[in-house]
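A.B. asks: Sequence:
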Amino acid sequence: MARSPAPQGGNPSAPEEPAAYLDMPADRRAAAKAHAASLSRTAGKVALELPLAADVDDFRRVLNTEARP
2 MARSPAPQGG NPSAPEEPAA YLDMPADRRA AAKAHAASLS RTAGKVALEL PLAADVDDFR
62 RVLNTEARP
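Everything in the sequence shown is counted per my numbering, starting at 2 for the first residue and increasing by one.
Calculated from the structure, these hints are not laboratory results.
Now the in silico label distances, taken between C-beta atoms and shown as ranges:
#1 Asp24 <-> Asp56: 35 to 41 angstroms
#2 Leu23 <-> Val57: 27 to 33 angstroms
#3 Asp56 <-> His36: 23 to 29 angstroms
#4 Pro26 <-> Asp56: 37 to 43 angstroms
#5 Ala37 <-> Asp59: 20 to 26 angstroms
#6 Ala54 <-> Leu23: 35 to 41 angstroms
#7 Glu18 <-> Arg42: 18 to 24 angstroms
#8 Asp56 <-> Ala27: 35 to 41 angstroms
#9 Asp28 <-> Asp58: 34 to 40 angstroms
#10 Ala33 <-> Ala55: 27 to 33 angstroms
#11 Ala21 <-> Val57: 26 to 32 angstroms
All C-beta atoms in this analysis are idealised placements derived from N, C-alpha and C, irrespective of residue type, glycine included.
Throw the hints in and build the complete structure from the sequences for me.
C.D. replies: Below, the structure is given as structure tokens:
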């Protein structure tokens, strides 16, 4: 698939899809957005559950465990 160059600015008030420059079918784009939303929810949940002293390795370990289907 051919890729168009990334947008170089434009109208800041016009909302654009993330990575709109990628040539991607609508169903695949919807699946990618759903997957990103799922990961975001899981990351938020993990961040709330971990103690303040947790480091990135703790976060990564718990995130990998929680994100598995």
